[in-house]
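Peer 1: Here are the chains, one letter per residue:
Number of protein chains: 2
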Amino acid sequence: MSANNLNGNASNTELTLTPFLKAILMQIRGQDTYGFYRSWSDELILKPFIVTKQKKREISVEGEVDPATLSRINAYFRAIAARIEQETGLISNVVVNVNHEGFGWALVFSGRLLLVVKTLRDAHRFGFESLEKLSAEGETLVEKGLDLAKRFPEVGKI
Amino acid sequence: MSANNLNGNASNTELTLTPFLKAILMQIRGQDTYGFYRSWSDELILKPFIVTKQKKREISVEGEVDPATLSRINAYFRAIAARIEQETGLISNVVVNVNHEGFGWALVFSGRLLLVVKTLRDAHRFGFESLEKLSAEGETLVEKGLDLAKRFPEVGKI
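If you read the protein sequences in the order shown, they are chains A and B.
Counting along the first sequence from 1, when you hit position 37 you're at 37 in full-length UniProt numbering, and nothing is skipped either side.
Counting along the second sequence from 1, when you hit position 43 you're at 43 in full-length UniProt numbering, and nothing is skipped either side.
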C-alpha cells in the first residue's frame, strides 16, 4: 500500500489498478522470493509491460527471447489464470512454450478444458501500447475463458 | 517397404508394426526433410525409444535434455495426435514444454479440448522397456483421447 501511495505522489498520473493489473502485480510480488521488487512501486513493476510500436521496432527478434520478457509473458498468462480462478474456483495450469525464434503457444487450462489458447509470435517484443491496453486485452481473454468455463463445466472439472 | 523387408531379414525377431508404431515411424520419416533416415530400417529408427531401467539409471538428469531425446518425445506425442486424428478427423496440436531440469508438460488438443495431458519428469530418460510397452502405452493415451473426443465433440470442434 505504501508503495502504491509513494508511486501516486511521485508521478503525475494516478495509476488505476484494475482487477487484471492487480492480478499481474500479485503474480510478480507473489513469486518474489528474494524481495527483489519489495521496494518497487506498482507502476515501476508494470512499466516493462508497456512496449510502444516504436520500441517494438527497435527490439531485435534475433537470438533467444530475453528471460525477463519470458517471465513477463508467464506473469501475464498466470494473471489470466488467477482471474478465472477467482471467478470460477477452477484450478488452472499455465503452459508457455516459446522457441528460439520467438514463436510458440500460451495455454491456460482447467481439467481438460482449454480456457486460453494463444499463439505467440515475436515474443521478443511482448508488450502493450499502454496499461489500459494491457488490462483490456488481458480482461478480454479472462472473459472468453470464463464463458468457456461456464459453457462446459463438466470438462473443466475432469 | 524395402527398408522394412531388409530389417526383417537382417534381424532374428520379426518386427510387428502396430498402428501406433507405424504412426511414430510416419512422424519421423515425414519430418525427415534431408533424408537422414531414408536408408534406416524401421527397427533402427524405433530402437532409441527403448530405454531399459538399467539404461535409465545410467543417463544423467543433469544439464539440458538431449535434443534427440526431445525430438523423440515430440514424435511420440505427435503420433498420439495423428492416431486420434485418423479415428476422429479432429485436427490436433501438440505442445511439449520441458524445462532445464527435465520437468514439463506434454499436451495434445483439438479445439478447446485437451485430449492428452501428461506431466513429464526426468525427460532425459524418456523411453520404454520394449517396443510392446511403447506401443501399449501410446495406444492407451490414444484410447483415452478418443474417449474424451467422443464425450465432448462440441469442445473438440470449437
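One thing to keep in mind: the hints can contain errors.
A few chain B positions that, by computed beta-carbon distances, are all more than 10 Å from chain A [stated by the list, open to error]:
id : residue
1  : Leu15
2  : Thr18
3  : Phe36
4  : Trp40
5  : Lys47
6  : Thr52
7  : Ser60
8  : Ile73
9  : Glu85
10 : Asn93
11 : Glu101
12 : Leu115
13 : Arg125
14 : Glu154
15 : Lys157
Heads up, incomplete: computed chain B residues facing chain A, CB under 10 Å, no partners named [to be verified]:
id : residue
16 : Ile91
17 : Val95
18 : Val96
19 : Asn97
20 : Phe109
21 : Val117
22 : Phe128
23 : Lys150
24 : Ile158
Calculated directly from the structure, the hints in this document are not laboratory data.
Computed from a prediction, not measured in an experiment: that's the story for all the values here.
Note that CB positions come from ideal geometry on N, CA and C, so glycine has one too.
Peer 1: Which constraints among the numbered hints does this structure fail? Numbers only, ascending.
Peer 2: 10, 12, 14, 16, 22 and 23
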